[in-house]
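Undergrad: The primary structure of each chain is shown beneath.
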Amino acid sequence: MTGERPMSGRERWEQETYRAFVEKSAERPARFESLSGIPLKPLYAPEDLEGWSYERDAGYPGEFPFTRGVYPSMYRGRLWTMRMFAGFGRPEDTNRRFKYLLEQGQTGLSTAFDMPALMGYDADHPRARGEVGKEGVSISTLDDFERLFDGIPLGDVTTSMTINCTASVALAMYLAIADQQGVGWDRVGGTVQNDMLKEFIAQKEWICPPEPAMRIVVDMIEFAAKLVPRFNPVSISGYHIREAGSTGVQELAFTLADGLAYVEAAVARGLHVDSFAPRLSFFFDVHNDFFEEIAKLRAARRMWARFMNERFGAKKAESMRLRTHTQTAGVSATAQQPLNNVARIALQAMAAVLGGAQSLHTNSYDETWALPTEEAVTVALRTQQIIAEETGVPLTIDPLGGSYYLEKLTGEVEARAMDYIRRIDAMGGMIRAIDQGFPQKEIADAAYRYQLMDDRGEKVTVGVNAYAMRDTTPINFLKIDETVELEQIERVGRFKAARDPAKVERRLKQVADACRTAQNVMPVLIDAVKDYVSLGEISDVYRQVFGLYREPIIF
Amino acid sequence: MSERTVRVVVAKPGLDGHDRGAKIVARALRDAGFEVIYTGLHQTPEQVVATAIQEDADAIGLSVLSGAHMYLFKRVLELLKDKGADDIAVFGGGIIPPEDVAALKGIGVKELFTPGTSTQDIVRFVRGNIRAAV
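Top line first, the protein sequences correspond to chains A and V.
Per this note's numbering, numbering through the first sequence is continuous, rising by one, with the last residue being 574.
Per this note's numbering, numbering through the second sequence is continuous, rising by one, with the last residue being 564.
Just chain A, same shape as in the assembly:
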């Protein structure tokens, strides 16, 4: 029946002007599709928004469904938090970098831990050999946390800690430091990443299988809701899913599906959704495809608000607000012509701001080579300050809202992500989907497709498969002194030896008892770390009580 409908303006333009032109002068042989594979029209016009309702689908900032922003005044009220992730070497090395970043105008701290801490091994464990202080700061006992936060008032700064299967220990140590500083827990603000589901899906740092891992996460959600009300006990993270090679649509879908699983588990514990949901926070990647990334962040807010309202009956607006940290895409940075990364990072940061992020980490241009130097980190932080202070972008709320293209794309991204979420629901939720290897396989396939496009030159990476140069300016990069490992091993050994072994035994037994029963693990963990029971010793208890996770091999 379409033949009877009068031609729309866009159809007329397409037939009369566009086609005629393209027949004479062909378009570039580019792939006209988004990075997630959404086909893109040459032009978007009012008719693309048929069925779209401004009030229902966009709405107003600070109001349901929050598409245009979670706060009423957005960046006119407060700029996003500039939060640079830092951590390397000894605790005092990272403490120095923290203080430098605060002096440079950074507004929140963000801690990177080394691989042994992230996997539940002390610096003196044989499995830690070669990895101590390399990818983050080395932490074994409270002594390390004392040095890490030396001179940093925990009542005044918020700290984000990127740690997952050992997040419970990190939170315990952080609260122990707050007690030492005389700062009440009600004044302690920050975030532990603590998103175990995405570990099984993407980042792959784990101790025990998904069910007990989930139980500890819920213990922390419950504990924080009651006693540390300004702390975000989980940061539901798409970043690692994306960095593992997913598309933007997959990142969105799997992240929200993880979020739904946490909410279900906490509700099953008996918590009221409005008692904990306001403290759930998110973390998304911001990759190269400028508009798709903005659409992803807008779709994420709209979808989450509707899920919280419709699935869980949340009543508080705060429970429906998807607040998110963002980070530019490490995976998009190139080792070749590394200064080009400055431009990539700036554009991705701009997308994060146009997408309405609450906080942002800009990567440093040298991170394909090593952890960033102070100079590289400064450029990355200045990039955010330039967007904030010079471009005028934060002066009005959601400046791209209402764009035919962006609103249409937001809807397309949402629809494709919903397809995935329906499939995961049908499998019985995310834990079941992980058991079946579903998200892992989807991501591995997407990563391989992306690599093949790159290999074949179907996707241009400037400076790598196009515009390559033989020699590029060498850059300085950060080297971690090998003596760090030896010093940390020696120091941990000394601290462990100085403890009363009977007291340590008693504390570990309390932790094991809590793990074996339905008792919340957090209170006994705090007592344990105050007696210098180590992260590795507590993780050993987790390993003994819950068993080790073995991944399905999928490639």
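Please note that a few of the clues may not be correct.
Simulated crosslink set (DSS-like; lysine-lysine; CA at most 30 Å straight-line) [what the hints assert, rightly or not]:
#1 Lys478/A with Lys43/A
#2 Lys540/V with Lys513/V
#3 Lys504/V with Lys498/A
#4 Lys498/A with Lys540/V
#5 Lys535/V with Lys498/A
I should point out that these hints are in silico values taken from the structure, not numbers from a laboratory.
Predicted, not measured: the structure shown is a model, and the values here were computed from it.
Got chain A sorted already, so can you dock chain V onto it with the hints?
TA: Relative to chain A, chain V alone:
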């Protein structure tokens, strides 16, 4: 005598979980016709070497993005030598600065692939340099 298919163990030694590269390389080598055994994550050097010997591998491809490459590659080479299995070639990839690439090649690592490498370069390397043991 017909030559058997080259067999490669792709391994992730150490604690780091960044397995995008390892999995892509494993799949590209498999698609190119090699026999590929992927160890999965969090392998100790001892486990990697044991797998390579048990699987009768011709080469081990190690993926390290954690900065622990100097320790892990060296340890795998030492263990292969100790077990009399140093006919198994070792190559690898990851975030490895140029001077470390030179140092590792100096102690016997056959090739190292850094970010931006095409999978076809890795396939070509294996095809050109790794022979199936008879």
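Undergrad: Does the structure break any of the earlier hints, and which numbers would those be?
TA: Per hint list: zero violations.
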